[in-house]
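K.L.:
One letter stands for each residue in the lines below.
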Amino acid sequence: DGGITQSPKYLFRKEGQNVTLSCEQNLNHDAMYWYRQDPGQGLRLIYYSQIVNDFQKGDIAEGYSVSREKKESFPLTVTSAQKNPTAFYLCASSIEAGGLNEQFFGPGTRLTVL
Amino acid sequence: AQSVTQLGSHVSVSEGALVLLRCNYSSSVPPYLFWYVQYPNQGLQLLLKYTSAATLVKGINGFEAEFKKSETSFHLTKPSAHMSDAAEYFCAVSRGGSYIPTFGRGTSLIVHP
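Heads up: the sequence lines are chains G and Y, in that order. Take 80 as the starting number for the first sequence in the working numbering and just add one per residue. Take 22 as the starting number for the second sequence in the working numbering and just add one per residue.
For the record, the hints were derived by calculation from the structure and aren't laboratory data. You may find that some hints are simply not true.
Stated by the list, open to error - In silico lysine-lysine, DSBU-like type, Cα no more than 30 Å apart, as pairs:
| no. | chain 1 | residue 1 | chain 2 | residue 2 |
| --- | --- | --- | --- | --- |
| 1 | Y | Lys-90 | Y | Lys-70 |
| 2 | G | Lys-150 | Y | Lys-89 |
| 3 | Y | Lys-79 | G | Lys-136 |
| 4 | G | Lys-93 | G | Lys-136 |
| 5 | G | Lys-136 | G | Lys-88 |
| 6 | G | Lys-88 | Y | Lys-70 |
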């Protein structure tokens, strides 16, 4: 079955640590996205990538970094510079970026800072 | 710039009652509009999308939405609510080109027995 996988489902981090969230898709989609979800705030775009080896900052990129070395993979690193990282993180992909192309979402990773 | 407003962070209905979730958009060009559903601790799933082919769009699970340009609205409806419809619903707007969709803040649908 084609889809998007995210791991781990739950992640705990100590203050000052960097952590990396995994996102893999086998849909052969060019575009991939990372969103942060907080209660009552909807989805906020962190980074997106329209093609391999290229990515752009979203609305809340500070304290986060990404890479896109392979079409299937778009890992997100939450750095110690992110002051309030506790949130639900969603990865998504689409055939191409934007337009009428719907996004396919992974199951999410819930990050908690201890 | 484009934006989406979802009126009501929570909507409560009785099982069997009409479901109406409101979405208004702002766009300087013809928009593409989407409704997604999110069940607890899961990712989002597409319910339906408007791409200008027809103003009344039918989606999965008995949901439909009507695009009204004059009202800049794309409200989501379902004639009869089921307990299984309890979830968070998100409206999103996009446009042609590589524009990244903008999401509303979401509406939590509560269904009472």
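K.L.:
Against this structure, judge whether each hint is valid.
P.N.:
For each hint, the structure was consulted:
A hinted pair counts as satisfied when its Cα atoms are at most 30 Å apart, and Y/Lys-90 with Y/Lys-70 qualifies at roughly 15 Å. Of the pairs offered as hints, the one joining G/Lys-150 and Y/Lys-89 is violated, with about 38 Å between alpha carbons and a cut-off of 30 Å exceeded. Restraint check for Y/Lys-79 and G/Lys-136: not satisfied, since their Cα atoms lie roughly 34 Å apart, outside the 30 Å limit. Of the supplied pair hints, the one linking G/Lys-93 and G/Lys-136 holds, its CA atoms being roughly 25 Å apart against a limit of 30 Å.
Note on G/Lys-136 and G/Lys-88: the hinted pairing holds, with a Cα-Cα distance of about 24 Å set against a maximum of 30 Å. Between G/Lys-88 and Y/Lys-70 the alpha-carbon distance is near 28 Å, which keeps this suggested pair within the 30 Å criterion.
Going through the hint list in order, the structure does not satisfy hints 2 and 3.
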